[in-house]
Amino acid sequence: MKPETTIEGNARLLTYHEALEDTALGKILSAEDVKNAPEGYRSALAGMEEGTVIVVEPHARAKITVERKSPPGRAFGTFFIFGENSHSTVFYRTALQESTRECRGIFLSKLAVAHCCFLQADNEKALSTVGLVARLGECSQLKFLNSNIGGNEKRDAFLFLQDRRASRCEHFEAGLARQGQKFFLDSDHLHTAPDTYSRSVFKYATAGNSQVNVDGKVTIEQAAPGSDTHLLAKSLLLSENSISKVIPMLFVRNSDVAAGHGSSMTPLQDEELFYLRSRGIGESESKLLVLQGFLRDLISRSEMDAGALGTLEAELEKDAHSIFPRD
Amino acid sequence: MDENVLKEYGRDALLRDAPGSDSELHVGYRAEHAGLTLELVKEISEVKEEPDWMRRHRIKSFEIFEKKPLPTWGPDLSHLDFSAIVGFVRPKGQGYKPNSWDEVPAEIKNTFEKLGIPEAERKFLAGVGAQYDSEVLYKSLRSNISDLGVIYTDMDSAVREHPELVKKYFMNRCVPATDNKFAALHGAFWSGGSFLYVPAGVKVPMPLQIYFMMNYPGFGQFEHTLIIAEEGSQVQYIEGCSAPHYTKDSMHAAVVEIFVQKGARARYTSIQNWSRNVYNLNTKRAIVQQDAVMEWVGGTLGSGVTMLYPCSILVGRGARAEHLNIALAGEGQVKDTGAKVFHMASNTSSKIVSKSICKEGGVVRYRGLLSVGAHCTGVKSNVRCDSIIADSKSKAETVPVMDIRSKDAVIGHEASVGRISEEQLFYLMSRGMDADEALSLVVRGFIEPIVKELPLEYAVEMNRLIEMEMEGSVG
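Sequence lines, in order, name chains A and B. No gaps in the numbering here: position 305 of the first sequence is 305 in the numbering used here, and each next residue is one more. No gaps in the numbering here: position 334 of the second sequence is 334 in the numbering used here, and each next residue is one more.
One chain only, chain B, in its complex shape:
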């Protein structure tokens, strides 16, 4: 790919570990002790000057977190030490909201400039945000978009400025704190994240984007994303994540709640490239109403252990969901990813495509759930999960569950696991390509159904990153 294109978009660094830096240099305020405790829950609420209902919500969530056990299935989480996690770090510069990029503190600005935020904003985004450790430092929205009534702000501001909307949707019907241990943990310690509200009938022409950086060693990032696409609206939202590598394990337990109302269309894209000592344990879910469409596009590249199963609950007649995901696992990485779709109304449809690559002892596991409720007629669903296993140290597993309780459902599922076809490599090499070029082309073809859904600059970078990771994997 043309290096100038990459340079122009300045996205080179996003999909790799972010540049390391003196972590204390950026800290404005942080919790005095490591450990996720009730005192810290109260401290966060106090520092943020939150209303009483949110404080109570946090405390209740913490109680649930303490009672719930760790999942007994999936990757090994026994090394996850909650007492060593720093639960709240407020970046320097927080407390006043910069109105322009120039007002962001220089040392933080440098990090984000390497990720290309200002260029991205100018060139192709309707709005952009940047979260550094616990809080969102910068958020902007083009004036022509805000004039349409679109609200795009950080969650902390939303709690203060739009309490009625937040109270109505926040962790009550989509992802309640009782859902799982990490959702409860999130409910207690959440900080930062995005609040996006798109009024009825508004079609946001360009994607909105946020970057998450975890910079503090041993840090736990718990950002909350709440997206409400009102009736007939359309919106695309993109997340990018990165972190420098420290010796202490970090943790990321985000919650994403998306409400796609009647006839609306929402696309959520997430490219995750946390460093390899990050536990990435997220809960992402959408409630999709009549004739609405929810699309999930994900690239899970970084982190040590990932448990991520975006979920669509199709509650309205004619609702549709698409889940597209790429997972790449190298040495020491476990990618336990998948998708869940609940068909709870008639004429709903879904499509799940998952592509995984594992190498050098990495583990990729597709874990999915497809459920069709009784009396839901005309349901259609197709699930496709393919894995490439590059060497015999690695593991590829698929565990798709299909629970069908309706007579009138057409469900299809296909999965394959294997190495890169020697015939394909031979064909390409016999036409003059060297082994790496041939491999690169085959891998690109493998992930193409998902990459083609990414915005151009992400697609370019994703291809490049996977090529880099796969170098020398032939044979």
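Here chain A stands alone, though its shape is the one from the complex:
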């Protein structure tokens, strides 16, 4: 079943097979990247029952909203191709009931700018695997916000390929893991061209007996002098029983780089709670505010479309209430 898709601006919706028949698009989609792509991407692509391709024309502006409530099969694909010098915003939301595998492709041509917001708010029994390949063209810019609040178990494996000079990629992850939920994120930024820039910020709050595993890897190859990268992973520990495992990895093969990573894992801070309590706010409400502040900070930094951010914040607030009900 096709996703509900609304497109404003100069963009078109194709099936994967239609896109493959177009020589130029086919070349992008069947790129040699597939062999470097995460396992989740390759397996979903191999078993793909339906693929949707959204193409933004060169020099166009587009606003795209995609909503999936039921999948076209156990494995499906969603691909975005942003033409040269285009400017686009994407809001992609899933609310699936079943267990699925999905491959996502984001391909930016030269000078393209894309702000993509992905919200996964699936049924709490759904198991999902998402493999993503994002390839950035010369001087292109990608802001990518991925938010996990639904589902029972979610395994994301993302590859960001920066093999053209001067591309910029900002990757934000916001997640709230509740009782019984397991989130596994495997993020890989590969810099193989000069003057490429990447920032990754991951924020997860863990409650109940949830588990969050974050593997954040950044590689700067010898052919990427002048590259600049930083990865930050933050966890807010809300429960005694949750597990939070973070592995921020850096592999640098060039001396002319700025590379760093940081991570922190902290519980709710007594000082912050005391400040709020001293102003007459109840305990649960205070914790809720701190939690919202933790995630909202990231969401606002992502500079996504206002409508998308409103929806995202509302979903997160709803989930946060289930952890800290109002007094």
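Calculated from the structure, these hints are not laboratory results. Any given hint could be a false lead.
[To be verified] Taking lysine to aspartate or glutamate and the EDC-like style, the derived pairs with C-alpha atoms no more than 20 angstroms apart in a straight line are:
#, chain 1, residue 1, chain 2, residue 2
1, B, Lys380, A, Asp270
2, A, Lys287, B, Asp408
3, B, Lys393, A, Asp228
4, B, Lys393, A, Glu153
5, A, Lys234, B, Glu414
6, A, Lys245, A, Glu303
7, A, Lys217, B, Asp408
8, B, Lys380, A, Glu271
9, A, Lys245, B, Asp408
10, B, Lys393, A, Asp256
11, B, Lys380, A, Glu272
12, A, Lys182, A, Glu39
13, A, Lys27, B, Glu414
14, A, Lys234, A, Asp297
15, A, Lys234, B, Asp403
16, A, Lys245, B, Asp403
[What the hints assert, rightly or not] Non-contacting residues of chain B with respect to chain A, defined by C-beta distances greater than 12 angstroms in every case (computed):
#, residue
17, Trp53
18, Leu77
19, Phe82
20, Ala84
21, Asp147
22, Ser157
23, Lys181
24, Asp391
25, Val399
26, Lys407
27, Ala409
28, Glu437
[Unchecked claim] Listed next, with one range per pair, are the computed distances between beta-carbon atoms:
#, chain 1, residue 1, chain 2, residue 2, range
29, A, Glu153, B, Ile59, 39 to 49 angstroms
30, B, Gly361, A, Asn36, 22 to 32 angstroms
31, A, His321, B, Ala374, 51 to 61 angstroms
32, A, His17, B, Ser78, 44 to 54 angstroms
33, A, Tyr275, B, Glu453, 50 to 60 angstroms
34, B, Gly378, A, Asp305, 51 to 61 angstroms
35, B, Glu231, A, Arg326, 15 to 25 angstroms
36, B, Arg317, A, Phe184, 32 to 42 angstroms
37, B, Asp391, A, Tyr275, 48 to 58 angstroms
38, A, Ala24, B, Asp391, 37 to 47 angstroms
39, A, Gly282, B, Ala374, 23 to 33 angstroms
40, B, Arg317, A, Leu273, 24 to 34 angstroms
Predicted model only: the values in this text are computed from it and were never measured. C-beta atoms are modelled at their ideal positions from N, C-alpha and C, and glycine is treated no differently.
With chain A's structure known, arrange chain B on it following the hints.
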């Protein structure tokens, strides 16, 4: 640095490859064939006239060694040929224990004198030891320290003279032979090393020190260090390692076990400068009890391939661990080093600082593990790892793992990789320094947090060595 200071301490040679010499000249007894075999395990045990329990331990360890695979992660060990390693070489002069430095055979004494052992002992150490190939040749302890009940002897003597202590702590709860392939190998072929026992409440005022020399070509050194700091005691222990360069690859697979009992404080410092054809594959671990403090200070300068991850297991409430390490990798060197801390009790804290420099195609890799167990409250930890990558042939990597299973833990981690800042060099050069001086000052600043924890003479030599290694690295 003032040359007279260096001369006075006579430590010049320690941090460089030791002077080459006729390797057979020093040999008193050695295994007939190269290769790490069960026959050799039995032979070592027989030559050492060990008790039956140790012989059984060796044989069991060998069985584990044969079953365990090589690590599938980390540096390439495929060139490591166990069948070419000479597993046991007893230096000439062993069999009787010299009571004074004068009784040590002249040719061996010459080598160690170049390392400054007699001067060091007289000037600033509470006790000193020297291991040559497989066995400890010389060990002394100041009488005022031994009067306090401190035992500082070589492991072979400890097995004979303090069997109850050795049996209680040796490779059973801290680093069992089942831990990894090289620990099992060590359990089978161990020889020499230090045994240090500090009774409750005793504070050893000066560091104890041992020097390890690998002199025989293609040799495998497997010394065992066992340190027991009883309740409320304090001790500092320093190791220095060096070897001449031969064409055959050598191997060093030591095990260090440290027990820091309630309220005790132990510091273990190790400066490693093996020659570049040495595989340095050690397992070092401490079990830290309530309110005790364990400090690891390390400088990993030599060897070809190093895999070293000192580990602190904080099992008592309020226990603390500090890990400070410098790694330097030049051409052909792979330094896979890091630290592991397991927080298994409440209110425990740890700090890890790692500084790495790679140049001329060298590889430095920080690999760390920080684990906080469930229901451990009030845990605090901070990890900092910085690398300087001097040229584009070299590689710097960081792989820190953080596994947190407690709500009440405050964990911080920061890492950076980059070249030496041009702004800093420019600033210093604009004030009249030449490029090498400016570079030297920046590098000194980079490693300063660790060097300042070293004893003076090591700090001086470490700075000098790194300066020498970094010469001509600007640009």
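Here is how each hint holds up against the structure:
With a C-alpha separation of about 15 angstroms, the suggested pairing of Lys380 (chain B) with Asp270 (chain A) holds against the 20 angstroms cut-off. A hinted pair counts as satisfied when its Cα atoms are at most 20 angstroms apart, and Lys287 (chain A) with Asp408 (chain B) qualifies at roughly 15 angstroms. Using a Cα cut-off of 20 angstroms, the hinted pair Lys393 (chain B) and Asp228 (chain A) holds, with the two alpha carbons roughly 18 angstroms apart. The hinted pair formed by Lys393 (chain B) and Glu153 (chain A) fails the criterion: a straight-line CA distance of about 42 angstroms is larger than 20 angstroms.
Proposed proximity of Lys234 (chain A) and Glu414 (chain B) is supported: the alpha carbons are some 12 angstroms apart, at most 20 angstroms. Note on Lys245 (chain A) and Glu303 (chain A): the hinted pairing is violated, with a Cα-Cα distance of about 28 angstroms set against a maximum of 20 angstroms. Our distance criterion of 20 angstroms between C-alpha atoms is broken by Lys217 (chain A) and Asp408 (chain B), whose separation comes to about 27 angstroms. Under the criterion of a C-alpha separation no larger than 20 angstroms, the hint pairing Lys380 (chain B) with Glu271 (chain A) is consistent with the structure, at around 17 angstroms.
The suggested pairing of Lys245 (chain A) with Asp408 (chain B) holds, with an alpha-carbon distance near 15 angstroms, which does not exceed 20 angstroms. Distance check on the hinted pair: Lys393 (chain B) and Asp256 (chain A) sit about 11 angstroms apart at the alpha-carbon level, within 20 angstroms; holds. Straight-line distance between C-alpha atoms of Lys380 (chain B) and Glu272 (chain A) comes to about 19 angstroms, which keeps the hinted pair within the 20 angstroms bound. For a cut-off of 20 angstroms, the pair hint linking Lys182 (chain A) to Glu39 (chain A) stands: about 19 angstroms separates their Cα positions.
A threshold of 20 angstroms between alpha carbons decides the hint, and for Lys27 (chain A) with Glu414 (chain B) the separation of about 41 angstroms lies outside it, so the pair is violated. Our distance criterion of 20 angstroms between C-alpha atoms is met by Lys234 (chain A) and Asp297 (chain A), whose separation comes to about 12 angstroms. At roughly 13 angstroms between alpha-carbon atoms, Lys234 (chain A) and Asp403 (chain B) fall within 20 angstroms of each other, so this suggested pair holds. Between the alpha carbons of Lys245 (chain A) and Asp403 (chain B) the distance comes to roughly 4 angstroms, so the proposed pair stays at or under 20 angstroms and holds.
Even its closest Cβ contact with chain A, about 40 angstroms, leaves Trp53 (chain B) beyond 12 angstroms, as expected for a residue assigned away from the interface. Once the 12 angstroms rule is applied to beta carbons, Leu77 (chain B) is consistent with being away from chain A; the minimum gap is 20 angstroms. Interface exclusion of Phe82 (chain B) from chain A stands, the closest Cβ pair being 30 angstroms apart, more than 12 angstroms. Under the 12 angstroms C-beta cut-off, the non-interface status given to Ala84 (chain B) relative to chain A holds; the minimum distance is some 32 angstroms.
Chain A leaves Asp147 (chain B) outside its interface by the beta-carbon criterion, the shortest separation being 48 angstroms against a cut-off of 12 angstroms. No Cβ of chain A comes within 12 angstroms of the Cβ of Ser157 (chain B); the nearest lies about 44 angstroms off, and the non-interface call holds. With a closest Cβ-Cβ approach of about 24 angstroms to chain A, Lys181 (chain B) is found to remain outside the 12 angstroms limit, as its non-interface label requires. Non-interface call for Asp391 (chain B) relative to chain A: violated, since the shortest CB-CB distance, roughly 5 angstroms, does not exceed 12 angstroms.
Under the 12 angstroms C-beta cut-off, the non-interface status given to Val399 (chain B) relative to chain A is violated; the minimum distance is some 5 angstroms. Distance check on Lys407 (chain B): its Cβ comes as close as 5 angstroms (rounded) to a Cβ of chain A, failing to clear the 12 angstroms threshold; non-interface status is violated. With a minimum CB-CB distance of about 6 angstroms to chain A, Ala409 (chain B) fails to clear the 12 angstroms threshold, and the non-interface call is violated. The Cβ of Glu437 (chain B) sits about 21 angstroms from the closest Cβ of chain A, beyond the 12 angstroms cut-off, so the non-interface label holds.
Separation of Glu153 (chain A) from Ile59 (chain B) is about 47 angstroms and conforms to the stated range, judged on CB atoms against 39 to 49 angstroms. Between Gly361 (chain B) and Asn36 (chain A) the CB atoms are about 25 angstroms apart, so this pair conforms to the stated range of 22 to 32 angstroms. Separated by about 27 angstroms at the C-beta atoms, His321 (chain A) and Ala374 (chain B) break the suggested range of 51 to 61 angstroms. The hint said 44 to 54 angstroms for the Cβ distance between His17 (chain A) and Ser78 (chain B), and at roughly 46 angstroms that hint holds.
Restraint check, Tyr275 (chain A) to Glu453 (chain B): a C-beta distance of roughly 38 angstroms breaks the suggested window 50 to 60 angstroms. As the Cβ distance of Gly378 (chain B) to Asp305 (chain A) is approximately 43 angstroms, the hint placing it in 51 to 61 angstroms is violated. In this structure the supplied range 15 to 25 angstroms is violated for Glu231 (chain B) paired with Arg326 (chain A), their Cβ-Cβ distance being about 52 angstroms. Distance hint check for Arg317 (chain B) and Phe184 (chain A): the Cβ-Cβ separation is about 33 angstroms, which falls inside the suggested range of 32 to 42 angstroms.
The hinted window of 48 to 58 angstroms between Asp391 (chain B) and Tyr275 (chain A) holds, with their beta carbons roughly 50 angstroms apart. For the pair Ala24 (chain A) and Asp391 (chain B), the supplied restraint of 37 to 47 angstroms holds, since their beta-carbon distance comes to about 41 angstroms. Distance hint check: the CB atoms of Gly282 (chain A) and Ala374 (chain B) are about 29 angstroms apart, consistent with the given range 23 to 33 angstroms. At roughly 25 angstroms, the beta carbons of Arg317 (chain B) and Leu273 (chain A) sit within the given window of 24 to 34 angstroms.
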